[in-house]
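K.L.:
This is what each chain is made of:
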Amino acid sequence: MSAAVADTCFLVHWLRFRDRERLFEVFDSVAVPAMVLEEMGARGRAMLAPWLASRRAFLIPRINEYEVEALRLVEFSRSQRLPTLDPPEAYCLAVARRRGYAVLTDNKAPKYLVRALSEYASVKVLDSLDVLALIYGSTLTRAVRAYEEDAGLIFSRSRLRTYGVEL
Amino acid sequence: MESYEEFEREARELRRRSADWEFIERQPEPIRAALKVLVETGDLWLAAKVAGLPVDEFDEIRLKAKIPIVV
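First to last, the protein sequences are chains V and L. Numbered per our numbering, the first sequence spans residues 1 to 167. Numbered per our numbering, the second sequence spans residues 1 to 71.
One or more hints might be untrue.
To be verified - Okay, derived cross-link-like pairs now, DSSO-like style, lysine-lysine, Cα gap no bigger than 30 Å in a straight line:
| # | chain 1 | residue 1 | chain 2 | residue 2 |
| --- | --- | --- | --- | --- |
| 1 | L | 66 | L | 36 |
| 2 | L | 64 | L | 36 |
| 3 | L | 66 | L | 49 |
| 4 | V | 111 | V | 124 |
| 5 | L | 64 | L | 49 |
| 6 | L | 49 | V | 124 |
| 7 | V | 111 | L | 36 |
| 8 | L | 49 | L | 36 |
| 9 | L | 64 | V | 124 |
| 10 | V | 111 | L | 66 |
Hints listed in this document are in silico derivations from the structure and should not be mistaken for laboratory results. Predicted, not measured: the structure shown is a model, and the values here were computed from it.
For reference, chain L alone in the conformation it holds in the complex:
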């Protein structure tokens, strides 16, 4: 299994690079903060909790924000 630190560093860079930052900055709080949590951590469950939304509903916003989930 690859090193988690290496995997997460590469995944975070990809999320930061791929994200539509204009879209993210246009979102109301706490959605904006939640999307930033997702970019930094990759943790969809945690970000959905921050947003106060069901995971699948937050995931639809995640797709619009062009933030990839890296597996």
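This is chain V alone, in the form it adopts within the complex:
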């Protein structure tokens, strides 16, 4: 097991999931950049607080080196006409590369960026469906239904098929 760094949208949705604690069956700990915490309101912070208190989640301060790298990634994704990479996702990627963490995000852009930029090829980017698959294995279908209901998300049917799920 290892650490992962999570972006805002992933956390907002995962924290609504009835089995959110099972995330720690896959990762020892989850890093939360300060800029991600700052983008969460009262409800999100309250739900994140027990993870911080138990040290399963920890904060990463704003570090200029990562911020500069994040800007470079945003500019690269724009110049290559990749899906739009938002600054928090870019920051997570910069942290992940330097610290050896996985990235947790429900946005597509980071997955495309690590395919396009060779020095990021080793960074593992997982969305909530990937994480559910790691946790639930053969009982994934039930978990997908629960997650869609709790988080208000819809998984792409073609992506679900890659995991053998037909809803």
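Chain V is fixed; fit chain L onto it per the hints.
P.N.:
Quick look at chain L alone, frame taken from chain V:
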């Protein structure tokens, strides 16, 4: 990995079709504009920025507007 353009086109159609447009049009600015940004782009972070709200608070409005996030 599926083509991003194909994925995003299908996701945008789903967001447009699922959205409660009456709810969206009743919202004050800049919430209304932000919800429309979300329908068109699927970018929750960007839409929350337009709304001037924390992401989780804007996401609660997104749920009321019946705009799905497609992953």
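K.L.:
Between residue 64 (chain L) and residue 49 (chain L), is the straight-line Cα distance small enough, at 30 Å or below?
P.N.:
With Cα atoms ~18 Å apart, residue 64 (chain L) and residue 49 (chain L) stay inside 30 Å; holds.
K.L.:
Just to be careful, I want the Cα atoms of residue 111 (chain V) and residue 124 (chain V) compared with a cutoff of 30 Å; is the pair within it?
P.N.:
Given that 30 Å is the threshold and the Cα spacing comes to 8 Å, the pair holds.
K.L.:
Holds or violated: residue 49 (chain L) and residue 124 (chain V), Cα atoms, limit 30 Å.
P.N.:
Distance of about 27 Å is within 30 Å: holds.
K.L.:
Taking 30 Å as the top limit, are the C-alpha atoms of residue 66 (chain L) and residue 49 (chain L) close enough?
P.N.:
It holds: about 19 Å lies between the C-alpha atoms, which stays within 30 Å.
K.L.:
Hinted pair, alpha-carbon criterion (30 Å max): residue 49 (chain L), residue 36 (chain L). Please report holds or violated.
P.N.:
Cα-Cα ~13 Å, so holds.
K.L.:
For the pair supplied as a hint, residue 66 (chain L) and residue 36 (chain L), confirm whether the alpha-carbon distance does not exceed 30 Å.
P.N.:
OK: residue 66 (chain L) and residue 36 (chain L) at ~12 Å, within 30 Å.
K.L.:
Check the hint pairing residue 111 (chain V) with residue 36 (chain L) against an upper bound of 30 Å on the C-alpha distance.
P.N.:
The hint holds at about 25 Å.
K.L.:
Starting from residue 64 (chain L), check that the Cα of residue 124 (chain V) is at most 30 Å away, please.
P.N.:
Distance ~33 Å between residue 64 (chain L) and residue 124 (chain V) Cα, so the pair is violated.
K.L.:
Are the Cα positions of residue 111 (chain V) and residue 66 (chain L) separated by 30 Å at most?
P.N.:
26 Å, holds
K.L.:
Residue 64 (chain L) and residue 36 (chain L) were given as a pair; does the straight-line alpha-carbon distance stay at or below 30 Å?
P.N.:
Holds, because 14 Å separates the two Cα atoms, which is no more than 30 Å.
Consistency note: the structure conflicts with earlier hint 9 alone.
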